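Novice: What follows is the residue order along each chain.
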Amino acid sequence: MKLITAVLPASGFERVHEALRTLGIPGVTVTTVFARGVGRVHDEVYRGTRRRVELQPAIRLDLLAADADAADVVHVIAVAGVLGTVWVTPVERAVRIRTREWGEAAL
Amino acid sequence: MKLITAVLPASGFERVHEALRTLGIPGVTVTTVFARGVGRVHDEVYRGTRRRVELQPAIRLDLLAADADAADVVHVIAVAGVLGTVWVTPVERAVRIRTREWGEAAL
Amino acid sequence: MKLITAVLPASGFERVHEALRTLGIPGVTVTTVFARGVGRVHDEVYRGTRRRVELQPAIRLDLLAADADAADVVHVIAVAGVLGTVWVTPVERAVRIRTREWGEAAL
Amino acid sequence: MIPYPSWLNAGDNTWQLVAATLVGLMSIPGIAVLYAGLVQRKWAVNTMLMAFSAFSIVLVAWVLYEFKMSFGSPLHLGPGILNSAVGKPGTITSAGSEIGKAGIPLVSGTGAMPDFRFPQSTLAYFQFAFAAITPLLFLGSVIGRMNFKAWLLFVPLWSGIVYSVNAFLLWGGGWWAQAGALDYSGGYVIHLAAGTSGFVAAAVIGPRLARDRAKAVPNNLPMVAIGAGILWLGWNGFNGGDMYFGGQNAAAAVLNTNLATAVALLTWLLLDMFAGPQRKPTFLGAINGMIVGLVAITPAAGFVTGVGAILVGLIASVIVWLSWNKLGKLRFMQKVDDALGVVHTHGVAGLVGGLLVGLFADPAMAVYYNKDGSVFSVAGLFHGHAKQLLLQLGAAGTIIVWDALMTFVILRAIGLFVKLRAPDEVLEIGDLAVHDEEAYPSEEGLAVVGASEAKAAVVAEPTTRPVAEPAAEP
Amino acid sequence: MIPYPSWLNAGDNTWQLVAATLVGLMSIPGIAVLYAGLVQRKWAVNTMLMAFSAFSIVLVAWVLYEFKMSFGSPLHLGPGILNSAVGKPGTITSAGSEIGKAGIPLVSGTGAMPDFRFPQSTLAYFQFAFAAITPLLFLGSVIGRMNFKAWLLFVPLWSGIVYSVNAFLLWGGGWWAQAGALDYSGGYVIHLAAGTSGFVAAAVIGPRLARDRAKAVPNNLPMVAIGAGILWLGWNGFNGGDMYFGGQNAAAAVLNTNLATAVALLTWLLLDMFAGPQRKPTFLGAINGMIVGLVAITPAAGFVTGVGAILVGLIASVIVWLSWNKLGKLRFMQKVDDALGVVHTHGVAGLVGGLLVGLFADPAMAVYYNKDGSVFSVAGLFHGHAKQLLLQLGAAGTIIVWDALMTFVILRAIGLFVKLRAPDEVLEIGDLAVHDEEAYPSEEGLAVVGASEAKAAVVAEPTTRPVAEPAAEP
Amino acid sequence: MIPYPSWLNAGDNTWQLVAATLVGLMSIPGIAVLYAGLVQRKWAVNTMLMAFSAFSIVLVAWVLYEFKMSFGSPLHLGPGILNSAVGKPGTITSAGSEIGKAGIPLVSGTGAMPDFRFPQSTLAYFQFAFAAITPLLFLGSVIGRMNFKAWLLFVPLWSGIVYSVNAFLLWGGGWWAQAGALDYSGGYVIHLAAGTSGFVAAAVIGPRLARDRAKAVPNNLPMVAIGAGILWLGWNGFNGGDMYFGGQNAAAAVLNTNLATAVALLTWLLLDMFAGPQRKPTFLGAINGMIVGLVAITPAAGFVTGVGAILVGLIASVIVWLSWNKLGKLRFMQKVDDALGVVHTHGVAGLVGGLLVGLFADPAMAVYYNKDGSVFSVAGLFHGHAKQLLLQLGAAGTIIVWDALMTFVILRAIGLFVKLRAPDEVLEIGDLAVHDEEAYPSEEGLAVVGASEAKAAVVAEPTTRPVAEPAAEP
Ligand SMILES: Nc1ncnc2c1ncn2[C@@H]1O[C@H](COP(=O)(O)OP(=O)(O)O)[C@@H](O)[C@H]1O
Ligand SMILES: Nc1ncnc2c1ncn2[C@@H]1O[C@H](COP(=O)(O)OP(=O)(O)O)[C@@H](O)[C@H]1O
Ligand SMILES: Nc1ncnc2c1ncn2[C@@H]1O[C@H](COP(=O)(O)OP(=O)(O)O)[C@@H](O)[C@H]1O
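Chains as they are written, first to last, in the working numbering: chain A, 627 to 733; chain B, 627 to 733; chain C, 627 to 733; chain D, 82 to 555; chain E, 82 to 555; chain F, 82 to 555.
Think of the hints as simulated: they come from the structure by calculation, not from any bench.
Keep in mind it's a predicted model, so treat the numbers as computed, not measured.
Backbone N, C-alpha and C define an ideal beta-carbon position, used for all residues, glycine too.
Any given hint might turn out to be false.
If you anchor each label on the Cβ, the simulated ranges turn out as follows [to be verified]:
{"#": "1", "chain 1": "D", "residue 1": "Gly192", "chain 2": "E", "residue 2": "Lys407", "range": "57 to 67 Å"}
{"#": "2", "chain 1": "D", "residue 1": "Pro504", "chain 2": "B", "residue 2": "Ala697", "range": "33 to 43 Å"}
{"#": "3", "chain 1": "C", "residue 1": "His668", "chain 2": "E", "residue 2": "Gly287", "range": "47 to 57 Å"}
{"#": "4", "chain 1": "D", "residue 1": "Leu403", "chain 2": "F", "residue 2": "Thr172", "range": "24 to 34 Å"}
{"#": "5", "chain 1": "D", "residue 1": "Gly181", "chain 2": "E", "residue 2": "Leu471", "range": "25 to 35 Å"}
{"#": "6", "chain 1": "B", "residue 1": "Thr675", "chain 2": "A", "residue 2": "His668", "range": "27 to 37 Å"}
{"#": "7", "chain 1": "E", "residue 1": "Leu156", "chain 2": "F", "residue 2": "Ala445", "range": "20 to 30 Å"}
{"#": "8", "chain 1": "D", "residue 1": "Pro186", "chain 2": "B", "residue 2": "Thr675", "range": "50 to 60 Å"}
{"#": "9", "chain 1": "D", "residue 1": "Leu403", "chain 2": "F", "residue 2": "Met82", "range": "41 to 51 Å"}
Straight-line distance between alpha carbons at most 27 Å, and here's what the computed BS3-like set of lysine-lysine pairs gives [said to hold, decoys possible]:
{"#": "10", "chain 1": "E", "residue 1": "Lys500", "chain 2": "F", "residue 2": "Lys361"}
{"#": "11", "chain 1": "D", "residue 1": "Lys452", "chain 2": "F", "residue 2": "Lys500"}
{"#": "12", "chain 1": "F", "residue 1": "Lys361", "chain 2": "D", "residue 2": "Lys361"}
{"#": "13", "chain 1": "E", "residue 1": "Lys500", "chain 2": "E", "residue 2": "Lys230"}
{"#": "14", "chain 1": "F", "residue 1": "Lys230", "chain 2": "F", "residue 2": "Lys500"}
When you get a sec, could you build the whole thing from the sequences and use the hints?
Specialist: See below:
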């Protein structure tokens, strides 16, 4: 089983999320994060004092996938997205608490 | 060493957190995330315009555990929780910055 | 490739971030989390009712590094930081969406 | 051509309308956002909607039957207090009752006060503002679990049955007014009433969810500051308007009100700093002190001197601080979930203020003047009129018993038809379950889904790629 | 020494200044924060700055040319309506026009009303507050895409060309006033005008980004409550001030305004609960109802009795609820992106209110009195004066046509020099792109970087280690 | 029976009380939330509590000794200015001093102005509102590090020693008033004083933490808008009340105030757009401009014509914009951490406004009238009275020197007993350390722990499982 994590610009996130739904991925955990390169670097100026804001709000997406599906999911995200990064880490086991299902059945 | 990640409904989180404390787990990192299936799917209606909110606020819990303890921790979480998902990923090394302790001593 | 995750007190974060920039690490994902031990345990008292707040706001930092660099990055974080924890997990593959670069080229 | 009849004085009419507007602002947005900031985030919308709708309901009830019940001709229901406990219901929606000269049958023309110098619509609107704020105050006792429909029924019933009797007895020339009990502008009629009814209602309706009680932190203190500031300054109209003229007593009432409030705020602040459990000054403590001062001076505002006002502020703040921090922690009091502590800051404070009138009322504080130059004023125990304290006690007892009893009866009666509490699964969620709205909506939740019709547009939106592209340049 | 001349009455002057201040508060902060809370978070700053700057621009235009165009001597442009459609432009910045007695050439001294009892600066400031709120109202139609510079140009042009004609025709003694059309305090001049112009402007400028329209949820409902509360009570000045005296009709107008508003709020609430798609009471629905009540009673406030006010509130709320929930969902209406629905809550409500004056105006509601004791008042269809309804229709038609046309022309003209819309990449980002500011700035973003000069200091700050250290003790 | 004595005019009394209430609202909630929105999130509660407590402290000081020091009989301390620099301290809490006719010994009955038409409590309350807002203004200079206890001591001392002298010299009939220096409603007494004292206090107390200065972004711009809107419209009372009557000059002062403010806001906006570093209109810039306009017109409001008001707004806005953006960036100015820049928007703006009175004061602007029909008014350099400019300079110098010196002395004296700064580890944390409260409390932190007594209940709560269950159905 794999954990696929993607950091995406907020504005491009809908497309990716939609694509994943089409693929039939039900569970996904979404976190709002700050990242670089996902938006225009800009300044904020309050009362004449300028401050550079290099990290922009972004969306982090974590989802578990069976080993066999992982490559597909990454591909889908990479195609649907415009900017951002995706990475894959190995998962040793997963449990869906409600049903107490283990392993890939828990997805 | 393992990283155990759980995504739980906000309302069930206290029970899990309490159970972990009883187990003597000191360190835990808590993130507020959005997840599906952890709350009732509902609509928000502002000024007559209805919008479906499928992802509800949830709590993500990350904690490091020694290889030997990982199964217990997962079990505790699964028993104390009602809904949500838990998964386990391998960790290669960990450092507690204050003491510069490495490995399982850092937990 | 490795994923290096650090949980740091908000006030010490600038130093670590600055150190990483000096090291030339461009991409980093920052999440605001709640953690224990990263700040003073304090009480909040509203209208005479006291409540203990044991988890303080903290900063979580995720960054991908090539296998060869991982140890250095961890070292830099541990030296620049004052409190907090760092851990390293293996990553199987990474993609930079814009360029479709795979693997370490994506960093 | 002249703009208005000769009995009308534009200065007095203006003062009264301004005072009424200030009292209105105390409710909307004052109390609405004060309470919205104090409740849990998940109940802010519910709280505000209850406030806005109660304000509206009371006005409709007021013009249709309640004003006449509070300030009209007495309904003779029996001997003694029953002979003049409430007025005959009736409407005030005709042209005549809007532009004719104001009058209260049992008060005007009896020599108890000078003739009004403004029209009936001014009197009706001014008094409406008081009637409206009362349910909003005790809303603080029942938020976080009361069924919204039950609220919509409770307000007109409570206002018609309970408030109108309070007002008639003390202000409409009813039994207690005839006996000589005093309430300058509502320490009893409004605040003691709100504290009592709120506490009983909280008991009848039952507590919030245990989880909510444990986690009930406020959500927005600057919002509380806005409400508190409007309350304080709005109280210039609340107490300043009850002389019914823009005269010297109105000005003294305003100054005294501010003085008692300042003293009470500072007293609470210092108690928190030097006697409180955490020995720290707190903003919400100061606001509690402020409210206590405002409430306690209300029955006394124009009857006492500046010294009296300082003492009222000091004494009330100490007593309510103890009531809040000691009495309120007792097991007995904890059983009743008076969510925002209205029983302390309004009930106890109003009662203390009302009794202190019986001590401090100073005959040198002229309310009106007789033609011969002598003054109309009142005296308390410290100025040789011990009976006043008894009168104040008696009136307080009447209000407490009547309000507690009828609040209980009305709620039980409503409970026969409508659930008083929202179901637990609704309480778990709060605003979103009751109103499909939340206080601080986030687009993040939606970014994640989007409205179904809109989704296609968004996903296919052609601007996404080109717009995002330049961001990647550096 | 005397403080003021004998033609001046301090009571009336005070009422008028207070009324003006209340109307001013409705704009700033009222509308500014009502709208700031209702728009998407990313547009809150832009919305507020547009409100504050329009308020300022209108005042400058007002004293330099617009007051005279609205209330000065007529400019004879031709026959019929052209003979008295607008006044001659001129300034009112001299000492004489500030402290001299107020006057409207075509109205004062013609026997249409009593002499003013306050100075010209009072009249000018009072009427300014109305002129200023009008662009702020239709700002709700165009937020989220209008180019800020275009707004700065649009406001003085629209106010000078459109608003002054509206005001002159109905209030400055112009053609429709002479014919007998009625608008107590701006149902047509202000609200119908705002609804019409806002809708046309929204059409000309084009819709917001599709993504924004889909995700446009409000960001702060307590902020909306503050704005709404100030609007409601501020309306006491809005409608109470238009008798120009602190008299009986002012008081009746205040009571009627509140009554219609309460009824309209409750009507919308009940419609939402029992006929709405989700069958739930909503806070923003209640606020919509409130605004509809306020707007609909505006043209009628002092002309109708309490019964009339209740009917106006009821009828207007039902009609606008239908307009909002049914008409507004039609494909045709969806094409024009009237962001906050100003065309419904102000346009339709103002029109309905104006027409209902033609039905309910009651001659028993004295506005002024003649020396012989007879009253000056007006009558509608239900009181035997059918023609009034026609007059109301005619005036409405004039306003709609003129305002729609000129709004279109002015915007097209501005569009020749300045882009009416901000570019799409700016719209994607919102406040941060337009103003380098956001509504709720977060230090997290900055913690992450820090200002360049400051960074060195921060990173090197010697306190960091020792201060953080004790935190690790437990 | 009559409501009030014949020397009292309800219109004038109402105007004065309303003006006082408006000024009170400017402090609470106005300044409190304006500053709470502008400071870092971690200091919002501290800022608000400092505002509410200072407001209270000043009132207590005011009635116990300060009013008499500002407006009572002179204390003869020596020759020249010392002969009439401050009044004899005394209380105003007796019945007589509340309901008796108002009077200022050195002014009333000297022919300098007409007799007051309201009671002493009105005068005392009105002037209190000015005394109270002054420390709130310079609070903006010292937030983010001042020890709360030191603040509680500083306010009554500063108010008693510094403010009362300022007020006596210019308004209480003191030396500068006798010499002919003018300050219509506090450009010097309040704003120049606040700017000067704030700057000195910021220097004495020392800067905020370097990390805080670097990251000090505002936290809530809509909150700022609320405060700003209340300030603007509240200023109608601030400047409108200083004629002490509801007359023509009050109305002119109101119009001029708004006019100067509108011009100053637009000037700053345009400077930001066309000369600012980022060439963008900013909301907080506009608010700065607004405050500058309000402050600068304050000393001039009823003395200048509309043209004068426009020029005051324009000139002051340009000068303060330069002061803010150029002077303020100099190393020297950066050393003193005047957190919200009070020295620019109040100090410089008040000074510029005061000097411009010496240029623009127009004798045609009647303040009062003599019985013979001639007017009482004042003239500046451009109207042939060059000496006025010198008087204005002299008075400004006196205020600056006295206020700077005494602020320094008072703080050093307090510093002997109490730390002026909170310790660094407290500053690191902010509100939570000082008050155990934060501005926007989050339940997330608590969800995580819960109160110890409550925890058992929560964990064991039987509803959790069943309630959560249905959520899993789909
Ligand atoms: N494959 C997954 N990857 C990431 N997160 C997941 C995954 N499956 C579940 N989750 C997280 O756990 C939450 C609950 O999971 P779900 O399987 O829907 O539980 P249930 O079936 O009990 O409702 C999801 O909303 C999601 O946040
Ligand atoms: N086992 C763990 N799993 C997940 N997060 C951890 C773990 N141990 C520590 N952390 C994170 O790091 C933070 C600081 O760790 P801690 O070991 O308490 O450091 P210190 O002992 O220096 O205070 C914790 O609050 C937590 O968020
Ligand atoms: N090495 C990394 N570790 C963690 N997150 C990363 C890493 N590289 C990129 N990211 C995340 O993805 C975002 C976009 O990545 P980036 O490589 O800058 O994309 P692009 O070059 O297309 O702008 C970054 O802001 C960061 O949040």
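Novice: Provide an ascending list of the numbers of those earlier hints which the structure does not satisfy.
Specialist: When the structure is compared with the hints, numbers 11, 12 turn out to be violated.
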